[in-house]
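Starting from the structure of chain E, add chain Z where the hints point.
These protein sequence lines map, in sequence, to chains E and Z. Here our numbering is used: position 180 in the first sequence is 180, and no number is missing along the way. To get our numbering, take the position in the second sequence, counting from 1, and add 356.
Be careful, since some hints might not be right.
[What the hints assert, rightly or not] Using C-beta positions, here's what the derived DEER-type ranges look like:
| id | chain 1 | residue 1 | chain 2 | residue 2 | range |
| --- | --- | --- | --- | --- | --- |
| 1 | Z | I432 | E | Y69 | 54 to 64 Å |
| 2 | E | Y69 | Z | E419 | 54 to 64 Å |
| 3 | Z | V411 | E | K42 | 38 to 48 Å |
| 4 | E | K289 | Z | D366 | 33 to 43 Å |
| 5 | Z | N402 | E | E236 | 40 to 50 Å |
| 6 | E | P208 | Z | K400 | 26 to 36 Å |
[Said to hold, decoys possible] Distance condition first, Cα-Cα at most 30 Å in a straight line; then the derived BS3-like pairs of lysine-lysine:
| id | chain 1 | residue 1 | chain 2 | residue 2 |
| --- | --- | --- | --- | --- |
| 7 | E | K42 | Z | K362 |
| 8 | Z | K400 | E | K273 |
| 9 | E | K355 | Z | K365 |
| 10 | E | K254 | Z | K362 |
| 11 | E | K43 | E | K350 |
Because the hints were derived from the structure by calculation, they are not lab data. Every residue, glycine too, gets a C-beta built ideally from N, C-alpha and C.
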Amino acid sequence: MDAVFRNKRISGILAVLPETESYFDDEIGNYDFPEKQTKRLKKVMGFNKHRLAKDSSTASDFCVEGLNYLLNNGKVRREEIGAVIVVGLSPDYFLPQMSNIIHGKCDLPQDVLCIDMPQGCCGFLLGLMESFMLLDYMKDKKVVLFNSDILSHKVSKHDRNDFPLVGDVTTVTIVENDPEGEEIIFRLMADGANRDCLKIPAGGFAMPSSAETAEMVAADDGNKRCLDNLHMNGAEVFNFVQREVPPMLEDLFKSYGVEQEKIDYYLFHQPNKFMLQKLADKLNVPYEKLFMNVVENYGNPSGASIPTVITHNLKQEMTEKTYYCCLSAFGSGLTWGAIVMQLGKMDFCKEIETKL
Amino acid sequence: MEEIYKILKDLRPEFDFTESEDFVEDGFLDSFDIISLVSTIEEKFNVKIDGLDVVPENFCSAEAIIALIRKSGGTI
Numbered sequence: 001m002d003a004v005f006r007n008k009r010i011s012g013i014l015a016v017l018p019e020t021e022s023y024f025d026d027e028i029g030n031y032d033f034p035e036k037q038t039k040r041l042k043k044v045m046g047f048n049k050h051r052l053a054k055d056s057s058t059a060s061d062f063c064v065e066g067l068n069y070l071l072n073n074g075k076v077r078r079e080e081i082g083a084v085i086v087v088g089l090s091p092d093y094f095l096p097q098m099s100n101i102i103h104g105k106c107d108l109p110q111d112v113l114c115i116d117m118p119q120g121c122c123g124f125l126l127g128l129m130e131s132f133m134l135l136d137y138m139k140d141k142k143v144v145l146f147n148s149d150i151l152s153h154k155v156s157k158h159d160r161n162d163f164p165l166v167g168d169v170t171t172v173t174i175v176e177n178d179p180e181g182e183e184i185i186f187r188l189m190a191d192g193a194n195r196d197c198l199k200i201p202a203g204g205f206a207m208p209s210s211a212e213t214a215e216m217v218a219a220d221d222g223n224k225r226c227l228d229n230l231h232m233n234g235a236e237v238f239n240f241v242q243r244e245v246p247p248m249l250e251d252l253f254k255s256y257g258v259e260q261e262k263i264d265y266y267l268f269h270q271p272n273k274f275m276l277q278k279l280a281d282k283l284n285v286p287y288e289k290l291f292m293n294v295v296e297n298y299g300n301p302s303g304a305s306i307p308t309v310i311t312h313n314l315k316q317e318m319t320e321k322t323y324y325c326c327l328s329a330f331g332s333g334l335t336w337g338a339i340v341m342q343l344g345k346m347d348f349c350k351e352i353e354t355k356l
Numbered sequence: 357m358e359e360i361y362k363i364l365k366d367l368r369p370e371f372d373f374t375e376s377e378d379f380v381e382d383g384f385l386d387s388f389d390i391i392s393l394v395s396t397i398e399e400k401f402n403v404k405i406d407g408l409d410v411v412p413e414n415f416c417s418a419e420a421i422i423a424l425i426r427k428s429g430g431t432i
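So that you can see chain E by itself, here it is in the shape it has in the complex (with noise of 0.2 Å):
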């Protein structure tokens, strides 16, 4: 799907970090690989250490925290806001959902809209395409779009797959309409035929959860996971964001006139860094124009990848001057897809830590 939007913006981001640190180094004896080989990755991939959110934290408990943050140091009012929009895949029930939580849980106005949309690392593109159609009925109203997961807490600590690559951020942006927004150009697209490339495959109604789906089992990669964790077939993901991204980006350019090298930086979902780099290559981007280093820091942050780029690289830019971004996303799903637009000047950019 293709969409061009106007006048809006994105006025404030906040990242809010949980206070554990992991480190790769320290994790390379849960794994049954032989020590040399596991290290190697760590350049490669740009593993140092991750955040970890504590066993009793829930997605919602991020989003609350960061909400209030913004409430209790006036850069949103309760008034202002429009509508909620939490984009994830930890919610923390089946029933209520995510959005009338933080709704309840930070005592906002009955007239604002909840929804939840289930998306993992395409989930911020789909939350701003959200936030920018509701704007239209929404004049001076604001929409507070949260992306948070956990996925920490679904991943094997034996899988040297997958966790070393997670790690939990929770996003809050604040998206509005703006009478001098520029055109922001917006695709994704899908492949549910390769849906289960990245999978939990027990826990909702297709498999419950049981004694059996907690079993830890020896998968054919070496790695020790069970049925209730998160599988990424790590190959197949990568051979499809090298073969489907960037002829997508380059037919979007292309498509509405983007000149590429006014482009002033590329902020893309952060898998690792081995991929982007490959990615960068293709597209002939500099890397310093692509930042590859969340992962390094706080582990694959799933939807909150790209706000998670912007705080860490850009806090004082963007809050200064304005920027022609090109922010682009790949994943679960398989889901794919870039937004191109002006990035800057906003009211705050920054990282909160919690004790979560």
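Just chain Z, lined up with the frame of chain E:
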């Protein structure tokens, strides 16, 4: 050829790659080994391997790896 076997031996010393007809099928190289191998090859032969070429068939034998290095502009 010897150079490639040396790199492979360094990567997975527990296997005798000269005895294998398909490194991937035989389980000598997994997807993460291939990524490590790409990184080593790029450094050693001063080449950039296209992301679309990072597929098992280009790493299943020493001959396939040599062909990939040459395709990527390297000399071996």
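Verification of the hints:
Separated by about 56 Å at the C-beta atoms, I432 of chain Z and Y69 of chain E satisfy the suggested range of 54 to 64 Å. Take Y69 of chain E and E419 of chain Z: their Cβ atoms lie about 59 Å apart, and the range 54 to 64 Å holds. Take V411 of chain Z and K42 of chain E: their Cβ atoms lie about 24 Å apart, and the range 38 to 48 Å is violated. With their beta carbons about 34 Å apart, K289 of chain E and D366 of chain Z fall inside the hinted range of 33 to 43 Å.
Judged by the Cβ atoms, the range 40 to 50 Å given for N402 of chain Z and E236 of chain E is violated: they are separated by roughly 29 Å. Checked against the hint of 26 to 36 Å, the pair P208 of chain E and K400 of chain Z fails, with Cβ atoms roughly 51 Å apart. Note on K42 of chain E and K362 of chain Z: the hinted pairing holds, with a Cα-Cα distance of about 22 Å set against a maximum of 30 Å. For the hint linking K400 of chain Z to K273 of chain E, the alpha-carbon distance of about 19 Å falls within 30 Å, and the restraint holds.
Among the hinted pairs, K355 of chain E with K365 of chain Z is inconsistent with the structure: their alpha-carbon atoms are about 46 Å apart, more than 30 Å. A hinted pair counts as satisfied when its Cα atoms are at most 30 Å apart, and K254 of chain E with K362 of chain Z does not qualify at roughly 45 Å. Our distance criterion of 30 Å between C-alpha atoms is met by K43 of chain E and K350 of chain E, whose separation comes to about 27 Å.
Checked against the numbered hints listed earlier, the structure breaks hints 3, 5, 6, 9 and 10; every other hint is satisfied.
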